[in-house]
Each structure stands twice: as C-alpha cells, then as structure tokens.
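With the hints as extra help, turn the sequences into a complete structure.
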Amino acid sequence: MSGVILAVDDSASMRQMVRFTLEGAGYTVLQANDGVEALELARTSGADLVLTDVNMPRMDGLTLVRELRALDNYKFVPMLVLTTESGQDTKMRGKQAGATGWIVKPFNPEQLLATIARVL
Amino acid sequence: MPASTAESSKAAPAGAAFTPELQMANMLGLCEAQMESALQESDRAVDALVQAFTCLVDTTRSVNSLTDQLPAEFRETVAVGLNQQVEAITKQMASAVVAFQFYDKLTQRLGHVRYSLSTLALFVCDRSQAASPDQWRRLMNTLRRLYRTEEEREIFQAMMDGISSEQQPGDATSTHKAVKAGEIELF
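The listed protein sequences derive, respectively, from chains A and B. Start counting the first sequence at 1; every next residue gets the next number (this note's numbering). Start counting the second sequence at 1; every next residue gets the next number (this note's numbering).
Watch out, some of these pointers could steer you wrong.
[What the hints assert, rightly or not] Cut-off 25 Å, straight-line C-alpha distance, at most; resulting in silico cross-link-like pairs (DSS-like, lysine-lysine):
{"#": "1", "chain 1": "A", "residue 1": "Lys91", "chain 2": "B", "residue 2": "Lys91"}
{"#": "2", "chain 1": "A", "residue 1": "Lys95", "chain 2": "B", "residue 2": "Lys105"}
{"#": "3", "chain 1": "A", "residue 1": "Lys75", "chain 2": "A", "residue 2": "Lys95"}
{"#": "4", "chain 1": "A", "residue 1": "Lys75", "chain 2": "A", "residue 2": "Lys91"}
[What the hints assert, rightly or not] Here are a few chain B residues that sit away from chain A, every Cβ distance over 12 Å (derived from the structure):
{"#": "5", "residue": "Phe74"}
{"#": "6", "residue": "Thr119"}
{"#": "7", "residue": "Asp134"}
{"#": "8", "residue": "Asn141"}
In case anyone wonders, no lab produced these hints; they're calculated from the structure. Cβ coordinates follow ideal geometry from the N, Cα and C atoms, glycine included.
This is the structure in structure tokens:
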C-alpha cells in the first residue's frame with residue numbers, strides 16, 4: 001500500500017496507534033494535534049486521505065472536514081472520522097460536513113486498513 | 001482544564017465561615033484533585049508504555065526486514081520459523097493497539113467526570129440556584145451535552161430514570177459497547 005495519510009488527534013497515544021497501524025501497511029503518515037495544525041499541514045503537504053478525531057482544541061474534526069472540502073485539492077480526498085462518538089446526530093453532522101465515513105473508537109487495525117483501502 | 005475546574009479545586013481558606021454548601025464544594029474539589037493527580041500519574045506511566053511499545057514495533061519490523069534479506073539457503077529453514085514468530089507478535093500488537101485506545105477513552109470520560117464535579121461544586125455554593133428545580137434541570141442538561149460516548153449517555157439516562165449504578169445491568173451494557181466500538185459506516 002502507498003499513499004500519504006493525514007492523522008489528526010489531540011491524544012499523542014492515539015496518534016501513535018494510528019501511525020503504527022498505517023506505517024505497518026506501507027502508508028506515509030503525517031500527524032497533527034488539532035484541526036488548525038491539520039489545516040496548515042494539508043495546505044503545505046498533500047494528503048491522499050484524512051483521518052480525524054472530532055473533539056479537539058482550537059478546531060474540531062467536523063470543522064476541519066468542512067474547511068478542507070472548501071479547498072480545491074481536497075474536494076475529492078476521502079476523509080474518515082475516527083471518534084468515540086457514536087450518536088446518530090453527530091454522524092449526520094459529519095456527513096453534512098463532507099466526511100466519507102465514520103469509525104467508532106477503539107478501532108481494529110485490520111478493519112481500519114480495510115476501510116482505508118476501500119475508500120482510497 | 002475548564003476555568004471553573006481550577007476555581008473549584010481551591011480549598012476554602014482556614015477559618016472561612018462554615019456552611020454546608022462550602023463543605024460540600026470542598027469535598028467535591030478534593031475528589032477532583034485526587035482524580036487529576038491519579039490521571040497525571042497514569043498519563044506518565046502510559047506514555048512510558050507507549051514508548052516501549054513503539055520500540056517493540058520497530059524491532060519487530062527490523063526482524064521482519066532482516067528475515068527477508070536472508071540468503072536463499074536459510075529461507076526454508078530459519079526464515080519460515082522467524083516469519084511465523086513475527087506474525088504471532090504482530091497479531092498480539094494489533095490487540096495491544098485496541099487496548100491502548102481504551103486508556104484514551106478512559107481519560108476522556110474521567111475528564112467529563114472532573115468537569116461535572118467542578119460544575120456541581122460551583123452550583124451548590126449558590127443557595128438560590130441549588131433550591132431551584134429548574135436550575136437543576138438546566139445543570140443536568142449541561143452535563144448531558146458534555147457526554148460523547150454511548151456508554152456515558154446510557155449511564156446518564158439510567159440515572160435520570162432512577163436506576164442506581166449498582167442496579168445497571170453490566171453485561172447488557174458491555175454487549176452494547178462491543179457492538180458500537182469499531183463500528184464503521186461509510187456515507
């Protein structure tokens with residue numbers, strides 16, 4: 001597998017878990033601590049897929065998805081939300097913001113990789 | 001930390017006038033401080049564990065890559081055995097990746113408990129507020145909106161329905177959790 005994935009989470013241990021999983025499958029992983037950092041990184045470096053948490057300081061994941069969708073380079077880039085939130089309302093807000101899919105934490109590494117392979 | 005958390009964590013000065021509300025606020029502040037201290041301690045331990053795990057992952061990947069470079073004569077003997085071992089370790093690592101994420105979830109949930117305690121401490125200090133059923137309902141709504149996970153919402157709802165934490169069916173909740181965790185939906 002190849003491709004650049006932007007992983008966004010305010011928890012360092014979560015970012016590490018995502019990194020292990022994705023790098024082990026051959027992806028290059030860019031990491032951001034929150035939406036603001038991710039938006040900046042997305043503008044300066046291209047990503048083939050964005051994997052983001054929802055609740056983060058400064059800019060939440062759904063705002064990030066909305067902001068990224070407004071950029072020409074990210075109109076069609078798959079964006080997966082990885083969160084502890086499983087409420088239907090929040091999911092719908094994610095869908096409206098432009099997310100490609102929703103994954104409830106804790107993720108299973110094999111399933112995460114299969115999902116990424118499917119949307120890439 | 002929310003501003004109100006820091007405020008409520010401050011103990012009342014010695015000699016401050018005794019009121020039941022102030023005592024209650026102090027006790028809530030104490031609970032919150034204990035929780036914060038325990039969380040900081042466990043954060044450090046988990047950070048160390050994640051670092052150790054990172055090294056283990058890197059080493060396993062190095063072994064795997066070295067195995068691929070073995071001369072042909074060793075491939076059928078040594079490499080097969082090594083590959084099986086690496087595969088077994090990799091499977092264990094996948095389980096560890098899932099387990100580590102529960103700590104993250106725990107931290108998030110305890111953060112909500114801490115915020116609830118500090119909010120309650122401020123709330124009870126205002127007698128007119130604490131005597132108003134409407135204000136209590138407003139407080140409960142504020143706390144309900146705080147909860148992000150299905151488990152938190154279920155417990156909140158059960159308590160609102162008058163079911164004590166001891167009466168809640170643990171097994172049923174666990175089954176429900178298992179269904180939700182790892183759930184994937186593509187839009």
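Evaluation of the provided hints:
Pair hint Lys91/A plus Lys91/B does not hold up; C-alpha atoms about 31 Å apart against a cutoff of 25 Å. This hinted pair checks out: Lys95/A and Lys105/B have alpha carbons roughly 23 Å apart, not beyond 25 Å. The straight-line distance between the Cα atoms of Lys75/A and Lys95/A is roughly 14 Å, inside the 25 Å bound, and the hint therefore holds. Restraint check for Lys75/A and Lys91/A: the C-alpha separation of about 19 Å stays at or below 25 Å, so the hint holds.
Distance check for Phe74/B against chain A: the nearest CB is about 24 Å away, which clears 12 Å, and the non-interface claim stands. Distance check for Thr119/B against chain A: the nearest CB is about 18 Å away, which clears 12 Å, and the non-interface claim stands. No beta-carbon of chain A is positioned within 12 Å of the beta-carbon of Asp134/B; the least distance is around 25 Å. Against chain A, the non-interface label of Asn141/B holds: every CB pair exceeds 12 Å, the least being about 15 Å.
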